[in-house]
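If you're matching them up, the sequences are chains Y and P in order.
Taking our numbering as reference, the numbering of the first sequence is continuous, increasing by one, and the terminal residue is 520.
Taking our numbering as reference, the numbering of the second sequence is continuous, increasing by one, and the terminal residue is 777.
Rather than coming from a laboratory, the hints here were simulated on the basis of the structure.
Here the structure is a predicted model, which is why all the values come from computation and not from measurement.
Hints may be right or wrong, so weigh each one.
Under 8 Å between C-beta atoms, here's a sample of chain P residues computed to sit facing chain Y [unchecked claim]:
1) Leu561
2) Leu616
3) Arg620
4) Cys629
5) Phe671
6) Gly672
7) Ala758
Covered by chain P, according to a simulated footprint, are these stretches of chain Y (three or more residues, beta-carbon under 8 Å) [what the hints assert, rightly or not]:
8) 39–46
9) 299–309
Glycine included, every Cβ here is placed at the ideal spot set by N, Cα and C.
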Amino acid sequence: MSSVLRPDVDDLRLIGFYLGKVLGGLGLVMLLPVPVALVLGEHNAAAALVLGASVSLTVRLLADAHLETRRTLSWAHGMVIVALAWIVGSAFAAIPMHVSGRFSSALGAYFESVSALTTTGMSVIHDLDHLETSMTLYRHLLQIAGGLGIIIVILELFSAGGSRVGTLYASEARDERILPNVLRTSRFIARVTLAFLVASVTALVPALVSAGFAAHRALEHALALFFASFSTGGFSVMQASVAYYHSPAVELIVLLIMFAGMLSFALHYALWSRDLREFTTHLETRTLAIIGTGLLLLLSLGLVREGTYADLAALVRRGLFTLVSAVSSTGHQVNAGETYLTDWGVLAPAAIVGAMAVGGMASSTAGGIKALRLAIAVKAVVHDIRKFLLPESAIVVTSYHVGRRRILRPETARAATTVLLLFVLSFLLGTMTALMTTDVDLTEALFEGVSIGSNIGISIGVVEPGMSPVLQAVYVLLMILGRLEFVAVLVLGGYLLSFRRSARVLGTPRDVSRGRRTSR
Amino acid sequence: MSGPSFGRRDERERRSSDGDRVRAADRRRVRWPVLGVVVLLGLLLALTTLLERSAPVTASSAPSVQSLADPLLDAPVRCTRADSTDRIEELRARILTDGRLTSAIATACPRLLDGRTVTYVGEVVGDVLRRDGGAWLLVNDDAYALEVGPFGPHREQRGFNGGLAVWVPDGLHEQLGEPGRHGRRGDVISVEGTFQRADPDDGGGMTVRADTLVVLAPSMPIDEPLNTPLVIAATGGALLATLAWAWARRRARERAR
Numbered sequence: 001m002s003s004v005l006r007p008d009v010d011d012l013r014l015i016g017f018y019l020g021k022v023l024g025g026l027g028l029v030m031l032l033p034v035p036v037a038l039v040l041g042e043h044n045a046a047a048a049l050v051l052g053a054s055v056s057l058t059v060r061l062l063a064d065a066h067l068e069t070r071r072t073l074s075w076a077h078g079m080v081i082v083a084l085a086w087i088v089g090s091a092f093a094a095i096p097m098h099v100s101g102r103f104s105s106a107l108g109a110y111f112e113s114v115s116a117l118t119t120t121g122m123s124v125i126h127d128l129d130h131l132e133t134s135m136t137l138y139r140h141l142l143q144i145a146g147g148l149g150i151i152i153v154i155l156e157l158f159s160a161g162g163s164r165v166g167t168l169y170a171s172e173a174r175d176e177r178i179l180p181n182v183l184r185t186s187r188f189i190a191r192v193t194l195a196f197l198v199a200s201v202t203a204l205v206p207a208l209v210s211a212g213f214a215a216h217r218a219l220e221h222a223l224a225l226f227f228a229s230f231s232t233g234g235f236s237v238m239q240a241s242v243a244y245y246h247s248p249a250v251e252l253i254v255l256l257i258m259f260a261g262m263l264s265f266a267l268h269y270a271l272w273s274r275d276l277r278e279f280t281t282h283l284e285t286r287t288l289a290i291i292g293t294g295l296l297l298l299l300s301l302g303l304v305r306e307g308t309y310a311d312l313a314a315l316v317r318r319g320l321f322t323l324v325s326a327v328s329s330t331g332h333q334v335n336a337g338e339t340y341l342t343d344w345g346v347l348a349p350a351a352i353v354g355a356m357a358v359g360g361m362a363s364s365t366a367g368g369i370k371a372l373r374l375a376i377a378v379k380a381v382v383h384d385i386r387k388f389l390l391p392e393s394a395i396v397v398t399s400y401h402v403g404r405r406r407i408l409r410p411e412t413a414r415a416a417t418t419v420l421l422l423f424v425l426s427f428l429l430g431t432m433t434a435l436m437t438t439d440v441d442l443t444e445a446l447f448e449g450v451s452i453g454s455n456i457g458i459s460i461g462v463v464e465p466g467m468s469p470v471l472q473a474v475y476v477l478l479m480i481l482g483r484l485e486f487v488a489v490l491v492l493g494g495y496l497l498s499f500r501r502s503a504r505v506l507g508t509p510r511d512v513s514r515g516r517r518t519s520r
Numbered sequence: 521m522s523g524p525s526f527g528r529r530d531e532r533e534r535r536s537s538d539g540d541r542v543r544a545a546d547r548r549r550v551r552w553p554v555l556g557v558v559v560l561l562g563l564l565l566a567l568t569t570l571l572e573r574s575a576p577v578t579a580s581s582a583p584s585v586q587s588l589a590d591p592l593l594d595a596p597v598r599c600t601r602a603d604s605t606d607r608i609e610e611l612r613a614r615i616l617t618d619g620r621l622t623s624a625i626a627t628a629c630p631r632l633l634d635g636r637t638v639t640y641v642g643e644v645v646g647d648v649l650r651r652d653g654g655a656w657l658l659v660n661d662d663a664y665a666l667e668v669g670p671f672g673p674h675r676e677q678r679g680f681n682g683g684l685a686v687w688v689p690d691g692l693h694e695q696l697g698e699p700g701r702h703g704r705r706g707d708v709i710s711v712e713g714t715f716q717r718a719d720p721d722d723g724g725g726m727t728v729r730a731d732t733l734v735v736l737a738p739s740m741p742i743d744e745p746l747n748t749p750l751v752i753a754a755t756g757g758a759l760l761a762t763l764a765w766a767w768a769r770r771r772a773r774e775r776a777r
């Protein structure tokens, strides 16, 4: 008999307690740009941010005082808390955006907030080019918080919860603990991020100054570029995205930051420990190298065939940047979105769609199906073919290297192919909804559907401030599903359904008078 | 035989009835917190919507430039690389001789005007990137640039920004004031120059290489009025958070004792 545990008040208490922590973390993120707003005289932005922070922190404090519990988190709790953290957390993070008036509706502000936290980087903001500096900073801070993982940020901010929060960490689509302790893992991730922040800003500021920026503007853009690139989010200070800079040096540095963001933190740890062999033998790096080279050749062939660029330098500069932006799931653009349709022919955009679908590495800030899953799925197919070709008595063993040599087990292959299939379904849902609610053609709908479903952010023009609420809502769902890689959201769905169901776990009847579980 | 059977049924019914009562009690206990959260989120949405709508509007949406030339195509077009030369020629025949290029036309059909002399009008936004004997400008020709002005003093939502990169040689960009950003509308300029679909000197970017530049409307500060209800709400929220913090501390101290 299939039984689903119906949540009781204690479950809600536990969920509320941890959800409060998440909202508190987001409240602190909202407070960070407030000094900038006050210094620059952006009073309305300051008020909007303070309002959002106050509401979030109040909820956190009330949850702390009223809902504190020492109950252990189960996997189901972890999944539900993480899914709610992204859904409800995005709603609270949208408060400053909604009151700013720059979005067509509350749903638009929520879309922007989800897009930032899931590091998708699609935007529906009106008049970005005249946006307050503090709000620009806020949008980018949300991206880095989302890119690293809200739970990681909370671990860092509150240094509490320790082993109990480990369940949440794993539920947030991060299955690799780099160090034995989840808190130490989060510290390592924070250290890597800080090191890249310092290195990136140090490289970007001189590059921007030599591109013609004033020093203070160079610093502002350097920070924004780092947050958007390392988080693989892809928001930009200006609507023109990276094309705004007209600087090969800036593009090269951003490309390297996107590449760093695409790497899993386990690989960062290997590089940090000077274990270069891990880098060359890791299944994902090899897979990405093969896929990346293939897609680059396809993209170049497409652009050459169409004659889009007259010289090789331009082809490599625009093509390579766009490809890395797509495969890393960042979504920075060096071309106006519509030109992928009007000036790039068919083959080159197809290569970009392929790159967007693949995405970066598992347990990185990147989105997409992930190279690891594709590689495992391919290995599983090869494994099956080998089994058919060899004598029936032969024992076929397939192995792969991820951190150490591992045997490919059926459950690993099944998990990889299941998520792969769910991603494909989400791309289809995004595509079909766009076709039903707008007058775009299949190419545009598919391009945008894959971009949204993989949390990429390169837009061909379907996402815009006036888009239909239905499409907006579906895209919001797909962004969250893609970021959490389905499982947590599906578990939440099951949890919500179980409110309505009367099923109970066998062997744990409840005491009538107290409504609690008793052991039999 | 029938007695024990009835007995078992009674027992089952009694258990089932107990189970129903448990489930009903559980549902009641769970329903209120869930409803509370839903009501809280609803109230939050109502409050933020109210605050969003309370922002004062001080500017009318008067266009920054009067008697602007029409776009050089009177209807929207879209072409692809696969389009024949005949179709492009057919579109070229529709071009208005005294019309201006728009960023929408440029991206919708890049081949149409590649290498041709065009007039382009828009607001300089962001930064003037002076280097290598000239300056790169981002010149927006969207509704905020040419029709209603920057968002803030007015609350008209006119979609995304749209613009083109313009290269201006030394001798022309010196007349520019501060570019448009928050709190400022940049110079609205008219440039005449060559449109490049994939400018080799910009690594394949879409540009206009300007030969002449005229400032149609000089850069000016834009005052965004203070949203007083929002400031009051933020102050109230901050006070509420402080009270919650004090209360939480007190409870924690009590618990520690």
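The hints, checked one at a time:
1. The closest approach between the C-beta of Leu561/P and any C-beta of chain Y is roughly 7 Å, which is under the 8 Å cut-off, so the hint is satisfied.
2. Given the 8 Å rule on beta carbons, the hint for Leu616/P is violated: about 21 Å separates it from the nearest Cβ of chain Y.
3. Against a cut-off of 8 Å between C-beta atoms, the interface hint on Arg620/P is violated, since the closest Cβ of chain Y lies about 18 Å away.
4. This hint holds: Cys629/P has a C-beta 6 Å from the nearest C-beta of chain Y, less than the 8 Å allowed.
5. Using the Cβ-Cβ criterion of 8 Å, the hint placing Phe671/P at the interface with chain Y is satisfied: the shortest such distance is roughly 4 Å.
6. Interface hint at Gly672/P: satisfied, since its Cβ lies 7 Å from the closest Cβ of chain Y, which is below the 8 Å cut-off.
7. Taking 8 Å as the C-beta cut-off, the interface hint given for Ala758/P holds, the closest approach to chain Y being about 5 Å.
8. Under a criterion of three residues with beta carbons nearer than 8 Å to beta carbons of chain P, the stated coverage of the stretch 39–46 of chain Y is upheld, 5 such residues being counted.
9. Counting residues of the stretch 299–309 of chain Y whose beta carbon lies closer than 8 Å to any beta carbon of chain P gives 4, which meets the minimum of three for the stated coverage.
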